[in-house]
Each structure stands twice: as C-alpha cells, then as structure tokens.
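Q: Line by line, the protein sequences are chains A and B. In terms of this note's numbering, the first sequence is residues 718 to 946. In terms of this note's numbering, the second sequence is residues 718 to 946.
Certain hints may be false.
Just so you know, same-sequence chains aren't split out, so a pair can sit in one copy or run between any two.
[To be verified] With a Cα cut of at most 16 Å, we get these calculated EDC-like pairs of lysine to aspartate or glutamate:
#1 774 <-> 919
#2 809 <-> 733
#3 790 <-> 919
#4 829 <-> 782
#5 829 <-> 939
#6 885 <-> 930
#7 774 <-> 733
#8 809 <-> 842
#9 829 <-> 930
#10 829 <-> 933
The hints are simulated quantities; they were obtained by calculation from the structure and are not laboratory data.
2 protein chains.
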Amino acid sequence: MTIQAILFDAYGTLFDVYSIGALAERLFPGRGGALAELWRDKQIEYTRLRTLCSTYKPFWEVTQDALVFSCRKLGLDLTLDAQNALMGQYAKLQAFPENREVLQRLAGMGLKLGILSNGNPQMLESAVEAAGMNGIFHHILSVDAIRKFKTAPEAYQLGPDVFGLSAKNILFVSSNCWDACGATWFGYSTFWVNRSCAPVEELGVTPDSTGTDMRDLLRFVEKHVGEGK
Amino acid sequence: MTIQAILFDAYGTLFDVYSIGALAERLFPGRGGALAELWRDKQIEYTRLRTLCSTYKPFWEVTQDALVFSCRKLGLDLTLDAQNALMGQYAKLQAFPENREVLQRLAGMGLKLGILSNGNPQMLESAVEAAGMNGIFHHILSVDAIRKFKTAPEAYQLGPDVFGLSAKNILFVSSNCWDACGATWFGYSTFWVNRSCAPVEELGVTPDSTGTDMRDLLRFVEKHVGEGK
Numbered sequence: 718m719t720i721q722a723i724l725f726d727a728y729g730t731l732f733d734v735y736s737i738g739a740l741a742e743r744l745f746p747g748r749g750g751a752l753a754e755l756w757r758d759k760q761i762e763y764t765r766l767r768t769l770c771s772t773y774k775p776f777w778e779v780t781q782d783a784l785v786f787s788c789r790k791l792g793l794d795l796t797l798d799a800q801n802a803l804m805g806q807y808a809k810l811q812a813f814p815e816n817r818e819v820l821q822r823l824a825g826m827g828l829k830l831g832i833l834s835n836g837n838p839q840m841l842e843s844a845v846e847a848a849g850m851n852g853i854f855h856h857i858l859s860v861d862a863i864r865k866f867k868t869a870p871e872a873y874q875l876g877p878d879v880f881g882l883s884a885k886n887i888l889f890v891s892s893n894c895w896d897a898c899g900a901t902w903f904g905y906s907t908f909w910v911n912r913s914c915a916p917v918e919e920l921g922v923t924p925d926s927t928g929t930d931m932r933d934l935l936r937f938v939e940k941h942v943g944e945g946k
Numbered sequence: 718m719t720i721q722a723i724l725f726d727a728y729g730t731l732f733d734v735y736s737i738g739a740l741a742e743r744l745f746p747g748r749g750g751a752l753a754e755l756w757r758d759k760q761i762e763y764t765r766l767r768t769l770c771s772t773y774k775p776f777w778e779v780t781q782d783a784l785v786f787s788c789r790k791l792g793l794d795l796t797l798d799a800q801n802a803l804m805g806q807y808a809k810l811q812a813f814p815e816n817r818e819v820l821q822r823l824a825g826m827g828l829k830l831g832i833l834s835n836g837n838p839q840m841l842e843s844a845v846e847a848a849g850m851n852g853i854f855h856h857i858l859s860v861d862a863i864r865k866f867k868t869a870p871e872a873y874q875l876g877p878d879v880f881g882l883s884a885k886n887i888l889f890v891s892s893n894c895w896d897a898c899g900a901t902w903f904g905y906s907t908f909w910v911n912r913s914c915a916p917v918e919e920l921g922v923t924p925d926s927t928g929t930d931m932r933d934l935l936r937f938v939e940k941h942v943g944e945g946k
C-alpha cells in the first residue's frame, strides 16, 4: 500500500461532538441523549434525501432543519435561544484529545493531510480554528463545491482531484462506518475509527482497516506506509 | 386537480407491518420494539446508501442485511430459524383493515390504481396475494426494474411511464413522509397517510395533502376528483 495522503471526515472523526449532547441534556434534562441521537440521524437522513432528489442545501441549514424536526418529534419546546445555543456548538467543537498530536506526527512523516466533509466551508473553518488545527491541513474540502453530500461519488471524487493522486493512494479516515464503506466502494484505501465499538455495517463491503481511536490510525500508518516505500 | 390514477407505496401504506414487530417481541421479549424500529431504519438507510453509491441489490436482500446488522447491534442472537421467521413475515402481511374497501371504491370511480415500491417483484406479488388484493391494481411497479430505490427520480419516473400520464395527474400515496416529500419534489400530486400522527419532515417541501388513514384518502379523492372533472 502506497499511502501518500490522508483525508479525514470531520464531525465525530476529528471533532468531538460530545459537547452537543451535553448541552442538549442541560437544556432538556432527561431528553438530551434522545435529542442528540435523533438530531444526528435526521441530519444524515436529510443529506441523503436531498442528494438523491438533487435538492441540495448547505449542511448548516440541513442541520438546523434536523434540529427543528427532532424537537417537534420529541415534543420539546425549542426556543430561539436554545436553537442558537445548540447550533452554536458546531462552531466550537473540541478535537478528540489524541488528535492534534497524531495529526502532527502524520504530517511529520511527509504525508499530505486533508478534510473531506459534508460541512459547508464556513462551518469547517470555525471548527478547525476552535480545535486548534490551523495550518495542519493542505486541503479542507467541502461537498458544498459540488452540491451533493457523501456518499455520492462526486463528493468522494474531490479528494483525488485536489491531491492529484488515485483514490487507492489516499487513506480515507472516518468514524462513521457508512462513510468508510462509501469511500471503500469509491476506491479509497480506508480506515474506520470505530470509537463506539459498533458492529460493521452489513453493506457487503468493509473498511480496509479499523481501530478504536486515532492512535490506532497512527500505528497503522507507521506500519504500512513504511512497508509501501 | 385532475387525478386520473393513484399510485401507492406498499409497506406501511397498503400492508400493515405491525405483525413484524409483534413477532420480534415474541422472539426477543422486551426487545421486539427496538429491533423492529432499528431494522426498519437500517433497511431504509441501506437502500439510500446503495442508491447513492450505485451498488443496488434487491430489497429482500437489503432487508435481510438490515436484520442481521440490527440484531448484532442490539446484541440479540439471531438464529437461522428466527431470521427465516422474521423475513417470512414479509410474505404474509395483512392489509390495513380499511384498505380493501377503499381501494375498491377508488377503482369504482374509474381511477387506475398501481403500486410503486422498493420491494422486489416477488415480495410484492406475495404481499398483494396475502393481503387479498389480487386484481385490484393495473400496475405493480418495483424499483428493481431500474435498480435504484426511492427517492431517486428514476424510481418515481416509473409511474408516469406506465400510466402514460404526467406526474401531476397521478396521486402518489405513502405513509412515509419522506416518500411523499420525494414524490412531491418529483412532481406528483401527493397524499401522506400519516397513521402515526408524526410531524412533517423539515425538507422545505410538504405533501399536497394529508390524512390519518385510507378513509381520509377516499374522502379527499371524492371531493377533488369530482371538482377536477
């Protein structure tokens, strides 16, 4: 395997979305977990429906729509203040604790690093800054450029295009199994950061490799990039 | 509105999937509800991922994959017998109690009736027979013909093609709000059978009309088809 670049999913992979659930729990005691889970599911569902139906709108707006629906479904009174507070969390997510060091070590190995996310450019910019990751990435790619969300092939194609590499020579890293599977179908080398020890999706395809956090990714890359050279 | 044909979604709209949850509860006491819900969600999720990634396989197989994943996720031991029993339910679903009479009344008004479903042809054939609906439909359309699941436009296009009508002159009826929204985006006249009194999806589009069961559909059609003529 000759890996020359690594492309990361953003939310849940680089950026810890835990604080969203914690705030939801403070705003809606006893219901925060259910809200955070439904919100995330609906957010992803809406990206897929909009991509299938060619009715794209930016991830920020889709995320807001999903929040509104989820509160209505759960019978929670979403005030404008609560909505702003919850949406505002997206601008100040923290990195998972091990991430910055791992990213620096990967960059130190001469690998080019990038982000490929459903998030729109402004969201990603704020998130990278809040997580203290400025200057680490060669490319921050948003599907907004092609107005289709992952797992559309056009979204994954952004990576090979900007790196000037074939997908096989790019390691795509995601904590979402469906995303890692989509990228594998597309042709990337893939690594699934299975933080929650979830079972693999039954999609007839599996990520090329798996670990439970970014340190496992580092070990994997140290081993395999060395071999490839 | 000049409605000349009515196209129905199958599972949950014509056919009552309640028996699936009931059997799941008998097989996994205390967990049947969670299993039935996750299974349904995964089933739909896999149809979307496979359509986005052009990795179609028939609904029967997708449904089986979703069952296997769901049991693994919930830590339930899915024996082959249990799997066969649960999958077997799809071949013997009952019609919702009001459906047959409503369908006969609609046919009696000179409307052409059809089904447009993600289900593959064999599944649909068994379900129509089990529900005592043989001979009611002019067309039983499966997305299997074009190897993309709803909400892909190619799936919805099957309706206008076989009826030789524009989508606006066909009333698309579904109990799934996302399906009614997808059909509305496509251009159908739409009716959402909101059996569970769910909030409307926040997709920036709403079904043209809504009711809580098929009797409401009949009332709607009696009123509006009359006006259109």
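Q: Is it within, between, both, or neither for residue 809 and residue 733, if the alpha carbons may be no more than 16 Å apart?
A: For residue 809 and residue 733, only the intra-copy Cα distance (10 Å) is at most 16 Å; the inter-copy one is 45 Å.
Q: Checking an output row: residue 790 and residue 919, CA cutoff 16 Å. Within, between, both or neither?
A: Answer is between; shortest inter-copy Cα gap is 11 Å, intra-copy 28 Å.
Q: For residue 829 vs residue 782, is the C-alpha pair at or below 16 Å within one copy, between two copies, both, or neither?
A: Answer is neither: 35 Å inside a copy and 36 Å across each miss the 16 Å cutoff.
Q: Pop the pair residue 774 and residue 919 into one bin, within, between, both or neither, using alpha-carbon distances up to 16 Å.
A: between (29 Å within a copy, 12 Å between copies)
Q: For the identical chains here, do residue 829 and residue 939 meet the 16 Å Cα criterion within one copy, between copies, both, or neither?
A: The answer is within: 14 Å in one copy meets 16 Å, while 64 Å across copies does not.
Q: Is the C-alpha distance from residue 829 to residue 930 at most 16 Å within one copy, between copies, in both cases, or in neither?
A: Cα proximity of residue 829 and residue 930: none, with 20 Å in one copy and 56 Å across.
Q: Have a look at residue 885 and residue 930 and pick one of within, between, both or neither, based on CA distance no larger than 16 Å.
A: neither (22 Å within a copy, 51 Å between copies)
Q: Cα distance capped at 16 Å. Does residue 809 pair with residue 842 within a copy, between copies, both, or neither?
A: Answer is within: at 11 Å inside a copy they meet the 16 Å cutoff, but 53 Å across does not.
Q: Under a CA distance limit of 16 Å, which applies to residue 829 and residue 933: within one copy, between copies, both, or neither?
A: For residue 829 and residue 933, the Cα distance exceeds 16 Å both inside one copy (18 Å) and across copies (59 Å).
Q: From the Cα coordinates, with 16 Å as the cut-off, is the pair residue 774 and residue 733 best called within, between, both, or neither?
A: Result: close neither inside a copy nor across copies, 24 Å intra and 34 Å inter.
Comparing the model with each earlier hint shows violations of hints 4, 6, 7, 9, 10; every other hint is respected.
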